[in-house]
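J.: The lines below spell out each chain.
There are 2 protein chains.
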Amino acid sequence: MEAGKKIMIVVMDGLGDRAVKELGYKTPLQVAKKPNLDWFAQNGTSGSMDVIGPGIRPGSDTSHLALLGYDPYEVYTGRGPFEAAGVGLIGRKGDIAFRCNFATVDQKMNVMDRRAGRIKEPDTTELVKALEGLKVAGIEAVVKDATEHRAVLLLRGEGLDPHVTDADPHAITKVQLSRPLVPEAQRTADAVNEFVKRSFEILDAHPVNIRRREQGLLPGNILLPRGGGPFPDIEPFEKRYGMKGSCVAGVSLIKGIGRVVGLEIVDVPKGSGGTSTDMVAKARIALKELERKDFVLMNIKASDVVSHDGDARRKVEIIERLDGMAKVLREGLPEGAVIAFCADHCTPVSRFDHSGDPVPLTIYSETSIKDGVQSYDEVSCAKGALGRIRGKDLMPILYDRADRSEKFGA
Amino acid sequence: MEAGKKIMIVVMDGLGDRAVKELGYKTPLQVAKKPNLDWFAQNGTSGSMDVIGPGIRPGSDTSHLALLGYDPYEVYTGRGPFEAAGVGLIGRKGDIAFRCNFATVDQKMNVMDRRAGRIKEPDTTELVKALEGLKVAGIEAVVKDATEHRAVLLLRGEGLDPHVTDADPHAITKVQLSRPLVPEAQRTADAVNEFVKRSFEILDAHPVNIRRREQGLLPGNILLPRGGGPFPDIEPFEKRYGMKGSCVAGVSLIKGIGRVVGLEIVDVPKGSGGTSTDMVAKARIALKELERKDFVLMNIKASDVVSHDGDARRKVEIIERLDGMAKVLREGLPEGAVIAFCADHCTPVSRFDHSGDPVPLTIYSETSIKDGVQSYDEVSCAKGALGRIRGKDLMPILYDRADRSEKFGA
Chain R
4 MEAGKKIMIV
14 VMDGLGDRAV
24 KELGYKTPLQ
34 VAKKPNLDWF
44 AQNGTSGSMD
54 VIGPGIRPGS
64 DTSHLALLGY
74 DPYEVYTGRG
84 PFEAAGVGLI
94 GRKGDIAFRC
104 NFATVDQKMN
114 VMDRRAGRIK
124 EPDTTELVKA
134 LEGLKVAGIE
144 AVVKDATEHR
154 AVLLLRGEGL
164 DPHVTDADPH
174 AITKVQLSRP
184 LVPEAQRTAD
194 AVNEFVKRSF
204 EILDAHPVNI
214 RRREQGLLPG
224 NILLPRGGGP
234 FPDIEPFEKR
244 YGMKGSCVAG
254 VSLIKGIGRV
264 VGLEIVDVPK
274 GSGGTSTDMV
284 AKARIALKEL
294 ERKDFVLMNI
304 KASDVVSHDG
314 DARRKVEIIE
324 RLDGMAKVLR
334 EGLPEGAVIA
344 FCADHCTPVS
354 RFDHSGDPVP
364 LTIYSETSIK
374 DGVQSYDEVS
384 CAKGALGRIR
394 GKDLMPILYD
404 RADRSEKFGA
Chain H
4 MEAGKKIMIV
14 VMDGLGDRAV
24 KELGYKTPLQ
34 VAKKPNLDWF
44 AQNGTSGSMD
54 VIGPGIRPGS
64 DTSHLALLGY
74 DPYEVYTGRG
84 PFEAAGVGLI
94 GRKGDIAFRC
104 NFATVDQKMN
114 VMDRRAGRIK
124 EPDTTELVKA
134 LEGLKVAGIE
144 AVVKDATEHR
154 AVLLLRGEGL
164 DPHVTDADPH
174 AITKVQLSRP
184 LVPEAQRTAD
194 AVNEFVKRSF
204 EILDAHPVNI
214 RRREQGLLPG
224 NILLPRGGGP
234 FPDIEPFEKR
244 YGMKGSCVAG
254 VSLIKGIGRV
264 VGLEIVDVPK
274 GSGGTSTDMV
284 AKARIALKEL
294 ERKDFVLMNI
304 KASDVVSHDG
314 DARRKVEIIE
324 RLDGMAKVLR
334 EGLPEGAVIA
344 FCADHCTPVS
354 RFDHSGDPVP
364 LTIYSETSIK
374 DGVQSYDEVS
384 CAKGALGRIR
394 GKDLMPILYD
404 RADRSEKFGA
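In order, the protein sequence lines correspond to chains R and H.
Each residue of the first sequence is one higher than the one before, counting from 4 in this note's numbering.
Each residue of the second sequence is one higher than the one before, counting from 4 in this note's numbering.
If you're looking for bench data, these hints aren't it; they were derived computationally from the structure.
Just so you know, not all the hints are guaranteed correct.
[Stated by the list, open to error] Not the full set, but computed from the structure, chain H residues with beta-carbon under 7 Å of chain R:
1. Y28
2. V269
3. P272
4. I372
5. D374
6. G390
7. I392
8. D396
9. P399
10. D403
11. D406
12. S408
13. K410
14. G412
15. A413
[To be verified] Counterexamples of contact, computed for chain H against chain R with all Cβ distances above 12 Å:
16. M115
17. K200
18. P233
19. R295
20. P337
Positions of the beta carbon are idealized from the N, C-alpha and C atoms, including for glycine.
All chains should be modelled from the sequences, with the hints used to inform the complete structure.
T.: Here it is in structure tokens:
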């Protein structure tokens with residue numbers, strides 16, 4: 004019995020779609036020229052996959068948890084902890100993480116701009132430094148800047164409870180006091196409120212903001228936390244599967260998922276996570292990772308970005324670029340490796356957002372049964388031999404295809 | 004982001020079938036001419052659906068609950084409450100409802116006819132009036148006449164328990180005493196037994212029955228309760244989905260399901276619920292409802308009626324009439340609306356009753372992916388891109404297709 008084979012999951016973010024009027028009621032996948040993705044479909048086994056469940060509309064975080072074999076209904080504790088992990092801030096059990104915006108407020112705490120004039124690095128990086136070592140209501144507060152006007156706040160201490168309301172008013176109005184939703188959360192609400200107050204005191208007079216005002220820019224003079232969640236108690240990927248794995252992704256949230264489950268986060272080229280991403284370079288990085296690891300999760304965000312813009316023609320172009328990436332993977336895949344091509348959810352261009360439609364799935368390895376599917380698209384894959392499966396079943400299937408699964412019984 | 008789209012479910016009752024010898028081992032759907040149903044299949048996405056689960060043989064009540072997105076294993080509390088709701092008798096939590104038959108008994112409580120010579124309105128309506136304000140064992144007893152020889156009994160009071168045996172002997176023998184199956188149900192059994200006794204005392208001498216005897220008809224001189232169940236604690240449809248909905252059905256039991264979940268019950272033409280139903284009129288009513296509501300559930304019973312008769316040729320004819328209804332829906336469907344064609348269960352003509360075979364399903368909206376299915380029938384739909392789904396997943400799928408679903412995660 005030889006050793007288990009290697010596994011790669013290629014997540015083409017938001018790839019699946021619905022019938023698009025301007026494409027003659029076909030989907031972008033049905034219209035695009037993609038001989039390499041089709042080659043995998045022709046030589047692999049295909050199906051359609053409800054990443055969470057039929058009709059359930061996934062976020063990118065819950066869907067990637069499912070694709071890694073974790074039940075999101077069990078382990079998903081809100082966006083905060085995964086955003087925090089995305090920027091490298093991993094909490095311990097009991098810690099609570101919040102997403103924050105740098106915002107602009109006047110002296111009476113009226114929100115003038117929820118994004119502080121779309122402030123970004125290096126200003127945000129500079130500003131969070133001023134908050135280092137902060138303690139609020141006796142609780143340690145760790146802040147880190149994230150993409151653009153975003154940051155994360157991690158509260159670390161005893162007796163915290165995530166059931167508090169947001170300080171972010173989500174509108175142009177007064178900053179809200181965080182309120183406890185259960186009595187045990189009083190201390191957490193107090194900490195959030197003190198954090199908001201202190202952030203204003205420290206940031207309002209900060210040299211970066213003085214300069215911004217002089218330049219006619221809005222100051223990032225307060226941090227507004229929202230969406231608090233506790234760090235999940237999640238079984239590490241390596242413990243669960245006995246495999247070391249890497250995560251090749253440009254998007255912070257996906258890196259966060261990878262980091263929380265214990266995948267190694269690999270550096271990717273600048274521009275990764277957007278439409279300008281060099282997919283071929285990313286495929287080469289993923290293949291290199293697979294040389295030294297058992298498992299690689301790869302996410303390419305571009306297909307989701309153009310879908311949120313509702314741009315069907317761009318989506319077809321992006322798919323044709325994804326096919327170039329598939330060509331590199333086809334040529335460089337280690338012998339015996341098992342590779343899955345899928346999406347984390349559909350993002351129909353007609354909806355401008357995620358949907359709960361099932362995504363097309365192809366699993367390829369040298370020993371895959373060929374089911375006659377000729378094209379990697381929503382309709383063709385749905386008629387494949389895998390039938391309709393759930394996202395959380397993907398890892399067990401790949402794991403078994405890689406000859407790694409334990410026998411249940413004798 | 005535009006508002007959610009409208010949703011219609013068309014339940015063609017008992018439509019699915021098995022291979023029928025006299026139809027050359029085809030199903031009635033495979034033999035019937037139905038260009039409009041086929042149009043929906045050609046332009047929509049199809050699948051096969053286990054309304055409850057594989058091989059599980061649904062009743063019309065459990066199946067409609069599933070089709071509305073409720074798990075019948077959680078919310079179905081027996082036929083009594085849904086029959087009661089069907090005739091407009093909605094109980095409160097703690098109330099127990101029974102189905103009843105008007106029966107004919109002699110003075111020694113021997114059942115002569117379980118249906119009292121198929122007594123019906125206006126006699127039954129007149130008879131139940133005599134039972135108004137009845138109290139049995141200190142419990143309020145509300146009676147209402149239902150279709151033909153049927154009625155419903157609702158017990159309302161403290162400390163009731165549904166675990167009692169039927170007073171209806173289900174055979175031509177002596178009326179049974181209701182017995183408690185658990186000690187807590189003693190009071191309920193007492194109430195049932197006193198109700199049966201009092202119904203005989205009041206009805207036997209009733210002028211309607213005196214006249215019936217003179218006309219040589221059997222008297223409906225007793226009511227025999229069976230199938231008691233508590234009113235379910237069910238989340239209202241509008242709360243669950245944020246949509247107002249209507250139920251367009253002729254059959255009392257289906258109206259009951261609609262009423263229990265809070266759908267508006269719409270008046271349908273006389274004859275609806277049988278084979279003489281004017282399906283085209285019903286389709287027009289359903290379309291009119293969809294103008295002012297977000298959701299319509301439509302049930303057409305005729306296909307089930309002829310199936311229970313085992314009449315394959317009639318079933319083919321009924322399907323061709325259903326196609327006329329589909330034509331009206333095709334021409335009148337509001338822009339963007341999502342429509343599903345399905346059955347609540349199969350009723351194979353060779354079985355004369357419901358079966359657990361999966362039912363054919365087609366979901367159509369403008370953005371449906373076309374899966375190449377050419378005909379709306381059991382075999383063709385099973386090869387569609389929806390694969391094989393469960394009844395309780397239908398509503399989440401339609402809800403998402405109508406762009407109404409919430410995102411799980413970010």
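J.: State for each hint whether it applies.
T.: For each hint, the structure was consulted:
no.	hint	result
1	Y28	violated, 25 Å
2	V269	violated, 26 Å
3	P272	violated, 34 Å
4	I372	holds, 5 Å
5	D374	holds, 5 Å
6	G390	holds, 3 Å
7	I392	holds, 6 Å
8	D396	holds, 4 Å
9	P399	holds, 3 Å
10	D403	holds, 4 Å
11	D406	holds, 6 Å
12	S408	holds, 4 Å
13	K410	holds, 5 Å
14	G412	holds, 3 Å
15	A413	holds, 4 Å
16	M115	holds, 52 Å
17	K200	holds, 51 Å
18	P233	holds, 29 Å
19	R295	holds, 25 Å
20	P337	holds, 17 Å
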